[in-house]
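Colleague: Listed below are the residues making up each chain.
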Amino acid sequence: MSATGEAFTLAELAARFALELHGDGRVRVDGVATLAGATASQVGFLANPRYRSELATTQAAAVILRAADATHFPRAALLAQDPYVAYAKVAGLFERRPACAPGIHPSAVIAADAHIASGVAIGAFCVVESGARIDEGALLGPYCHVGADCHVGAQTRLVARVTLVARVRLGKRTLVHPGAVLGADGFGLAFDRDRWIKVPQLGGVVVGDDCEIGANTTIDRGALEDTVLEDDVRLDNQIQIAHNVRIGAHTAMAGCSAVAGSARIGRYCLIGGGAGILGHLEICDKVTITSMALVTHSIATPGEYSSGTPIQDNRTWRRNAARFKHLDELHRRVTALEKDTKP
Amino acid sequence: MSATGEAFTLAELAARFALELHGDGRVRVDGVATLAGATASQVGFLANPRYRSELATTQAAAVILRAADATHFPRAALLAQDPYVAYAKVAGLFERRPACAPGIHPSAVIAADAHIASGVAIGAFCVVESGARIDEGALLGPYCHVGADCHVGAQTRLVARVTLVARVRLGKRTLVHPGAVLGADGFGLAFDRDRWIKVPQLGGVVVGDDCEIGANTTIDRGALEDTVLEDDVRLDNQIQIAHNVRIGAHTAMAGCSAVAGSARIGRYCLIGGGAGILGHLEICDKVTITSMALVTHSIATPGEYSSGTPIQDNRTWRRNAARFKHLDELHRRVTALEKDTKP
Amino acid sequence: MSATGEAFTLAELAARFALELHGDGRVRVDGVATLAGATASQVGFLANPRYRSELATTQAAAVILRAADATHFPRAALLAQDPYVAYAKVAGLFERRPACAPGIHPSAVIAADAHIASGVAIGAFCVVESGARIDEGALLGPYCHVGADCHVGAQTRLVARVTLVARVRLGKRTLVHPGAVLGADGFGLAFDRDRWIKVPQLGGVVVGDDCEIGANTTIDRGALEDTVLEDDVRLDNQIQIAHNVRIGAHTAMAGCSAVAGSARIGRYCLIGGGAGILGHLEICDKVTITSMALVTHSIATPGEYSSGTPIQDNRTWRRNAARFKHLDELHRRVTALEKDTKP
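Chains as they are written, first to last, in the working numbering: chain A, 98 to 440; chain B, 98 to 440; chain C, 98 to 440.
Since the hints were made in silico from the structure, they are not lab data. Keep in mind it's a predicted model, so treat the numbers as computed, not measured. You may find that some hints are simply not true.
[Stated by the list, open to error] Some chain A residues close to chain B (C-beta under 7 Å, calculated; not the full set):
{"#": "1", "residue": "H242"}
{"#": "2", "residue": "A281"}
{"#": "3", "residue": "W293"}
{"#": "4", "residue": "A357"}
{"#": "5", "residue": "A397"}
{"#": "6", "residue": "P399"}
{"#": "7", "residue": "E401"}
[Said to hold, decoys possible] Far from chain A by the CB rule (all over 10 Å, computed), these chain C residues:
{"#": "8", "residue": "D282"}
{"#": "9", "residue": "K295"}
{"#": "10", "residue": "D317"}
Glycine included, C-beta positions come from ideal geometry on N, C-alpha and C.
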C-alpha cells in the first residue's frame, strides 16, 4: 500500500520511532503491508506468531518484528518490543488524509454568535447553531451539525455527517465518524395511567480527549446529569450508549454493543461486539465482556465474563435447546437419584 | 439543572399539576435534580425507594414524593401518587427547546407542489419532495428529507436529519430523532435459480399520534400493505422494524431491538434492549420481553418472557457451555439411570 | 395496490415473464396484492401453501400460482414454477419510482476533477469530492456524499443520504439505502503501554454488481487490504461489516447482523437477523446461521447452525438459567452416579 508516494529509509524509521535497526538502514520503503501481501518496496510486520512461517517467503523489503524473531531473518528489519504498535506508528506515515484547508465552505450555515476559532475547517452543508464553539484546528467534514451551545475541542475531527444535537461537549483530538448522533434525547418515559409521558432530558454529553466514536453510533444526553465518556474511550460502529452512562478512560467497545441507562463502566475495559450491559450496573476496571454476552448484574472483579451457548449444527442444537427448557427438572431428577443411590 | 432561568413556587406547581402541597408553598425552585445532585434552589424527587435514605441529606429546596414518604420529611414537598410522573411533568417546565420560528430556511429545497401548512418551521438543507404534505405547527430541523407523497402530521417534530423515503405518513405530535430512516425498501428477495431478484416494496409506513422514534432507528415500508405503528408507540435508538410489522398502541421498545417482517406486536408491550422477534409471529397485549431475548414463536399469554444464559466468569462459563453441547445426551443418561435404579 | 395507473392483460404478463396462461388472457389487472387483500382489478399470488384456502374467497381478478394449485381454480391464472419469483417480476411493473431526470441539482457541490458520466442524476445537497467517478446512469438522491477517489458504477442507485468516505468502489446496478456508511475507518487499535493508538486504515471497500445495502448499514474500509462484497450480496438494515471482511457472491444477511474483522463468508450463505460472526473465521459456501446466533469458530460444512436457548416465561427460564450456571457440576454428578450404579 503506497498511498502517499512518500518513501523512508529504515534508518529514518528507526530514529523516528525508537526502533532498533537490524541490517541495512539504507533500505527504502514506500508503504506497509502484511507479510503475505508485501511488495519489494514495502515493510511488512510480524505481530501474531501464527504468521511466523511467512517470514521465509515474504517479498517485503524489510520487516518489523521482535528481536527474537529476527535472529534467523536474513534481511533488513526493525526490532520492536511490540511490533503491532510499531507497525501502527509506521503506517501512519503512509496514510493519506483528505486535504482540508482551514476555512468555512460558503454553503455552511453558521449562527452569528457561534465561536469559530482560527484554523478550523468547516465543510459543505455544515450547520453550526447559536452559542456553539469550535476550537482551534478542529475539522468538520460535510453535513456536520453542531447544535446550540455544543463545543468541539481543538484538533477534533468530525469526519462527515455527524450530529451533535444539544449540550454536547467534545474534548481534544477526538474523532467522530459519519452518522454518529450525540446528544439526542435519552429514552425517558413515565407511564401515566394508560399512556406514556415523556421525561425531559435536561442533561448533556461530555466526551473526553482522544476518543473515537464509530459510524452510526448513538450517545444520548443525560436526563438530569451528563452522559460521560472519559479520555481515550474507543467506540466502534453502531454502538448505543443510553442516557447517564459513564465509561471510564481507555475502555474500548466493539461494534453493536450497547449500554443501558445509568450504567457505569470502569477504565481499561473491553466490551465485545454485540454485548449488552443493563441499566444502573457498575462494572469495575479491567473487565472484558465477550461478544454478545449480556451483563445482568454488577461486576466487581476484573476478568473476562461470558454468557450464551456454543454454536452447533441446528439439529443437534435443537435437541439440546429443548432439554434446556427442562434443566431445572433434570437437576431435581439427578438430586433424587443421588438420594436413592447414596444410602 | 436550571436550564431556562425561570422559577416557580411550589404553590404554582401544585396547582398546575394537581399535586398536594406539603409545607411552605412560597418556596421557589428554578430546576429539577436528583436528591443527591440537587442544589438549594432545585426540587428533587423520590420515585425509587432505594434512594429514600438520601432524603435526610439532600440539599433540595423541596422534594416530590409519595405522601407516605413525606411524614418524616421536615421540608417543603409536593405529594404525588406517582412521583416519577409528577417529576416528568415538572421537569418539562425547565426544558429549553431550541427556538424554531415558523418559516422556511432559504437553503431548503421544497417542491412546488408540496403542501406546507401555516406555522411550520423548516430548517436548513431540508428537502421536501413532490406531493408531500406538512401540517400545522410541524417542525423539521436541519437536513430533514420528506420524500414524495409523505405526510407529516400537525405538531410533529423531526429533530434533524430524518429521512422519510416514500409513502410515509406520520401522525400528530410525533417526535423523530436524527438519523432515523422511515420508508426504505423492506428486505424482500426471491431466489431465482442461482441469484436473488428484488421483490418490489409497494406499501408504506403509517405512524400514529404521540409516537417517538429514536436516533438511527429504521422502519421499512411494507411489501404490499403498510408497516404500522399505532398511537403512543415509543421506540428507542437503533431499532429495526422490518416491512409489514404492526406494533400496537402504547408499546415501548428499548435500544437495538428488532422485529422481523410481518410480525404483529400487541398493545402495552415492553420489548427489552437488543431483543429480537422473528417474522410472522403474533405477540398479544401486555407482553414483556427481557433484554437480548429472541422470540421464536407466537405468544398468546401476557407476562414476561426470556431466553439466554446468565453471565459468568469466562472459565466457568466455558465449562458449562461445553456441557450444553451434550445436554440431550446428559438427559438420556439420567433417564437410563432412573430405569436402572427404580425397579 | 395500483401505484402507477397502468394495467396489463394476463396474456401480456404471460408473454413477458414466460408464464403459462390459464383461462381468459384478456383479463386486465392494475396491481398486485395478497389473496386476502386483492381487489377485483388486481392479481394475487399463492406462494406459501398455508394460504391455499384463500383461493376460494379471494376477490382477485387472477392469481399467480403453481400448476398443481390451479386445477380446481375456476378463474384466470398465471402458472409459475416459482410463484413468488413470478410475483416479484410482475410486481415490478407496478412499482412507482420517484422520477429522477438526469442532471445535477444546482445545490450539489461537485469537485472540478470529479468524473461524472452522462445520464447521471445527482440530487440536492450532494457532495462529490476530488477524483471521484460516477458512471453512466447512476443515481444519487439527496445528501449523498462521494468521498475522494470513490467510484460509483453504472446504473447504481444511492437512494439518499449515503456516505462513501474514502476508497470505496461500487459495482453496477447496486442499490444503497439511506444512512449507509461505507468506507469509514476500520476499528484498528494497538495498546501502547497505557493507552490506545490508532492503527491507520489504508485499505478500501469493494462492492460488486447487483448488491443491495440496507439503511444505516456500515461497511468499514480495510486496514491494509480491502473489505470486499462480491456480486449479488444482499445486506439488510443496520448491519455492521468490519474491516477486511470478505462476503461471497449471493450471500444475504438479515438486519442487525454483524461480522468482525477479517472474517470470510462464503457464497450463497444466509445470515439471520442479529447474528454475529467473530473475527478471522472462515465460513464455507451455503451455510445458514439462525437469528441471533454467535459463530465462534470456522465452519467447513454447509448446513444450518444455531446457538442460544429457547424463549420461556421468565419464571421458568430463571430456574433453568440458574441451573445452567452449574451444568458442568451436574454432568459430573451424573457421571458419578453412573459409576455408582454400574458395577
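Colleague: A separate judgement is required for each hint: does it hold in the structure or not?
Modeller: We went through each hint and held it up to the structure:
no., hint, in the structure
1, H242, "6 Å, holds"
2, A281, "4 Å, holds"
3, W293, "6 Å, holds"
4, A357, "6 Å, holds"
5, A397, "12 Å, violated"
6, P399, "10 Å, violated"
7, E401, "4 Å, holds"
8, D282, "7 Å, violated"
9, K295, "7 Å, violated"
10, D317, "7 Å, violated"
Hint compliance for this structure: hints 5, 6, 8, 9 and 10 are not met, and every other hint is.
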